[in-house]
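As given, the protein sequences belong to chains A and B, one line each in that order. Mapping to our numbering: the first sequence position 153 is 153, numbers consecutive. In our numbering, each residue's number is its place in the second sequence (first place is 1) plus 210.
Just so you know, these hints were derived from the structure itself, not from any lab. Even glycine gets a Cβ: it sits at the ideal position worked out from N, Cα and C. Heads up, some of the hints might be wrong.
As the list claims (entries may be wrong) - What follows is a set of in silico ranges between Cβ atoms, one per label pair, in the way DEER data are often shown: (1) B:Asp286 / A:Tyr91: 25 to 35 Å; (2) B:Glu273 / A:Ile103: 51 to 61 Å; (3) A:Pro177 / B:Leu343: 38 to 48 Å; (4) A:Pro177 / B:Asp286: 17 to 27 Å; (5) A:Ser10 / B:Met229: 31 to 41 Å; (6) B:Pro358 / A:Tyr91: 52 to 62 Å; (7) B:Ala277 / A:Met110: 25 to 35 Å.
As the list claims (entries may be wrong) - Residues of chain B placed beyond 12 Å of chain A at every Cβ, according to the derived structure: (8) Glu225; (9) Gln237; (10) Lys279; (11) Ser344; (12) Ser574.
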Amino acid sequence: MTTVLATAASRGMMLCHACGILARAAPHSHDACCPRCGAPLHLRKPDSIARTWALLLTAMICYIPANVLPMMHTSSLFGSESDTIMSGVVYFWTSGEWYLALIIFFASIMVPMLKMISLVLLLVSVQMRSRWQLVQRTKLYRLVEFVGRWSMLDIYVVAIMVALVQLQALATIQPGPGAIAFGAVVVLTMFAAMAFDPRLIWDPVEETNG
Amino acid sequence: MAETPRMPETSDIPEAVAMPKSRRTVQLVWLIPLVAALVGGWLAVKAIMDRGPEITISFDTGEGLEAGKTKIKYKDVEVGLVKSVVLSEDKARVIVTADLVKGSERYLVEDTRFWVVRARISGGTVSGLGTLLSGSYIGVDLGKSGKPRRDFVALKEPPAFAYDVPGREFLLHSDTIGSLDVGSPIYFRRLQAGQVADYSLDKDGKGVTLKVFVTAPYDKYVTSNTRFWQASGIDVTLDSSGIKIDTQSIVSILIGGLAFETPPESADLPEAAAGTEFNLFANRTLALKNPETLVMKLVMVFNESVRGLAVGAPLDFRGIEIGTVTAIKANLNAADQRINLVIEADLYPARLRTRAVKQQAVLSEEGRTEFLANMIARGLRAQLRTGNLLTGQLYIALDFFPDAPKAKLQLFDSVPEMPTVPSSVRELQNTIASIAAKVQAFPLEQIGADLHQTLQNANKMIVRLDTELTPEARDAFTEARKALATADRVLESNSPFQQDARRAMRELTRAAEAFRVLADYLERHPEALISGKKEEKK
């Protein structure tokens, strides 16, 4: 990326996300709106870093109860049990179904954690105006955004089980507080990924060239 | 792109409409992590606040105990959860660490008890069947002591009674545990009134102390004079009154049990306090026997067999049991080289007193001995009698025998000796024996020999008669027949003899008639004898 490439921002241009019109940024003003459709215009997503941080921190907070609190209450004739994500993984692992254990472990523990670490990495690097591994970091962002929806696997499983296993006295499954926290983690990381503006990764390049 | 689009100049691009600056100094987005942190923090604080005390319980075995799964329940309400199950340092016991719910601190006291609830069959009851499916749990009974405690030793068996069951605990002393066990039932008038809670061997090893729990309302019938006895199984008594079978319920037949009863005369005594000690009797008869306050020792010497007399056999006065046999001994009398059977007995003089004179002063020992001497002088004697013909059980009867030979009260090793008379059976035996002796003395053999000779002589005579007399008799008979035939012939109706006889008879009749005429004439004319017959005038 040694050659200087023009960006909309470097030319003081903004694109309306609603009607696609290109508009010049008004001088000395920060906020602007589309001259044609009135949608808010901005060079970069406003407060991208702060919002991402806020959502990411919330997700991190929620990540603790998501793993500590039980995901699912199973009550049957043979007594009732509360399972956290980790106890489920351990259960599958000890009962020999290691592939299921691995799937749950990756989908429900590793992926949310990696997502959060990735976002932290992106945010810190952007804030440090780092020019390190620009392309890789952008790819990482795309991966984070793509992977987001797949982390809801656990929630789907719990939702289906709760709906299916309602045999009253024989066996019932109820979602635990961990499920809510886990769902919040997934949703919050998705929002955090959306709030992050990947163009910020490339901004340091502009500055040094500009 | 075939057609090159018109590239607008920078100046052609419209300028964005400037918006008034409306920046909030505090970004709202930070409220989200704030709320999350607050909620999370509150939950964490609450979880820490809600954490109850942690206790350790020591078990013999970890059977059925699982970390994170086994619950601690009080009255089937979950009050805690087992956190870890580990072996003790010396590997001898299993140490269970458990978290209890908040607020249970004040129940974790010195006498709080823990045990494992699992399916078990004991004491005729089946309990904990639900645990077959749900797995074992730890039961707890909350103590009442004020001394806090955090490390407990679990009971091996569930306690028979929870602390909050109303009732009273009593201690029973017994020689043997019998077939009792923890949980064995206690019956009062055949109603189940409690259970054996615990038992332990006495320190000196000479007996067993049972801890029994009598539930309300039955506990108020336990007075200081209540008697407890073993109601285990079937109590078959075979004594002079026959066969008696005494049982409580089927359950107690199978697994044993206890029963208690208060003698009616002491029913108005105050209720016994918890922890009162009682003796456990072997059976109901022993239990309800009046403890004799007044005991008089007696000795009786018999010259006959005492087979059938047992220790405990009654001393009977005209149907009233006034004592029991305490010992049966054989005593070699060195003086006359005879073996006497010495029966020792306890006499309860109090039983002879009537209710009306209950208040009368108790006689002194000398007085009693004197009284006994008087009675003996009047003919009071001891006699062995058969109580049960079927079994040959004997008892000792005290009765007056006015015809008995005179006797005086003697002391046998400083114990008054009651003179005896032979038993009626013995007398009967004696009579039969004398008859037998007489029968034996009878010269049966001599008689037999004489009779034999007589019969032989008779036989000889008959033979002679047969050989000598018979032919002559036959001749005599022939002759006789001939004579008879002749006689027959003579006596036939047409025989000359007959005709002659008839004629003669007719002549005789005529003669008689003539004689009668003459007699009549002479009666009327006696002078005719002199003058002769006169001619009849016509």
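Here's how the hints hold up against the structure:
1. Between Asp286 of chain B and Tyr91 of chain A the Cβ separation comes to about 27 Å, which falls inside the hinted range of 25 to 35 Å.
2. At about 35 Å, the CB distance of Glu273 of chain B to Ile103 of chain A disagrees with the hint of 51 to 61 Å.
3. Checked against the hint of 38 to 48 Å, the C-beta distance between Pro177 of chain A and Leu343 of chain B comes to roughly 27 Å, which is inconsistent with it.
4. The given range of 17 to 27 Å is respected by Pro177 of chain A and Asp286 of chain B, whose C-beta atoms sit roughly 25 Å from each other.
5. In this structure the hint that Ser10 of chain A and Met229 of chain B lie 31 to 41 Å apart at CB is violated, the actual value being about 22 Å.
6. For the hinted restraint 52 to 62 Å between Pro358 of chain B and Tyr91 of chain A, the CB-CB distance of approximately 37 Å leaves it violated.
7. Roughly 26 Å separates the CB atoms of Ala277 of chain B and Met110 of chain A, a value that falls within the hinted 25 to 35 Å.
8. Consistency note on Glu225 of chain B: stated as away from chain A, yet its beta-carbon is not over 12 Å from all of that chain's, at 5 Å minimum.
9. Consistency note on Gln237 of chain B: stated as away from chain A, yet its beta-carbon is not over 12 Å from all of that chain's, at 6 Å minimum.
10. Interface exclusion of Lys279 of chain B from chain A breaks down, the closest Cβ pair being 7 Å apart, not more than 12 Å.
11. Listed as outside the interface, Ser344 of chain B is inconsistent with that label: its C-beta sits roughly 4 Å from the nearest C-beta of chain A, within the 12 Å cut-off.
12. Distance to chain A confirms Ser574 of chain B as a non-interface residue, since its nearest Cβ pair spans about 78 Å, more than 12 Å.
Hints 2, 3, 5, 6, 8, 9, 10 and 11 from the earlier list are contradicted by this structure; the remaining hints agree with it.
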